[in-house]
Amino acid sequence: GEDVEQSLFLSVREGDSSVINCTYTDSSSTYLYWYKQEPGAGLQLLTYIFSNMDMKQDQRLTVLLNKKDKHLSLRIADTQTGDSAIYFCAVSFAGNNRKLIWGLGTSLAVNP
Amino acid sequence: NAGVTQTPKFQVLKTGQSMTLQCAQDMNHNSMYWYRQDPGMGLRLIYYSASEGTTDKGEVPNGYNVSRLNKREFSLRLESAAPSQTSVYFCAAIRDTEAFFGQGTRLTVV
Chain C
1 GEDVEQSLFL SVREGDSSVI NCTYTDSSST YLYWYKQEPG AGLQLLTYIF SNMDMKQDQR
61 LTVLLNKKDK HLSLRIADTQ TGDSAIYFCA VSFAGNNRKL IWGLGTSLAV NP
Chain X
113 NAGVTQTPKF QVLKTGQSMT LQCAQDMNHN SMYWYRQDPG MGLRLIYYSA SEGTTDKGEV
173 PNGYNVSRLN KREFSLRLES AAPSQTSVYF CAAIRDTEAF FGQGTRLTVV
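In order, the protein sequences belong to chains C and X. Residue numbers for the first sequence follow my numbering, so the first one is 1 and each next one is one higher. Residue numbers for the second sequence follow my numbering, so the first one is 113 and each next one is one higher.
It should be emphasised that the hints constitute simulated quantities derived from the structure, not laboratory data. Quantities reported herein were computed from a predicted structural model and do not represent experimental measurements. Do not rely on the hints blindly, as some may be mistaken.
[What the hints assert, rightly or not] Each pair of labels, with its calculated beta carbon distance range:
#1 C/54 <-> X/183: 36 to 46 Å
#2 C/30 <-> X/138: 18 to 28 Å
#3 X/139 <-> C/67: 27 to 37 Å
#4 X/195 <-> C/67: 34 to 44 Å
#5 X/131 <-> C/39: 16 to 26 Å
#6 X/196 <-> C/57: 41 to 51 Å
#7 C/54 <-> X/192: 49 to 59 Å
For each residue, glycine too, the CB sits at the ideal point set by N, CA and C.
Let the hints inform the model, and build the full structure from the sequences given.
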């Protein structure tokens, strides 16, 4: 079946780059998303990539997709304390009634 | 433009009490979802509605019922609350597969 996995925690120093990784099991993915959840808030879409793309860049965010390895990553350049949050990877799969399959989330801690 | 609005934001129930969590969207999206979020378990889908008038079970539907009253509103009902239903509940409206979330309802069952 479809599954999405992420590491649960990441700690970086302010100003460094953060790389959050996600792997998924089914090769019929269509869209792959990164959501951000700040404490006490709902999830907000950060960025997404279509499965026929390898890379997408949006200001400090870079998404890399390795479809052969079923690996998705989110790189945050010049990480700031305001980037501290939980980051969720979500994948939509063809033929799955458009449901999203979610990773458990990676908690990013940015230390001054 | 509110997006997805959930009420209430916080609720404490006694075991056995019932309540309805409300969700409304102003984006005219067909699909609406209810998730629960628990520590270490990510988001788990309770029920979803692909369009007005239809509802389907997700991963963890037991103990819940839903109503898709119209295109805007999708409510989640707990008929007899249990401590295991202590969680944060999120409603989402889906366009294609992009999800727009409400701010969540933090429910505690004692």
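Q. When the hints from earlier in the document are held up against this structure, which numbers fail?
A. none
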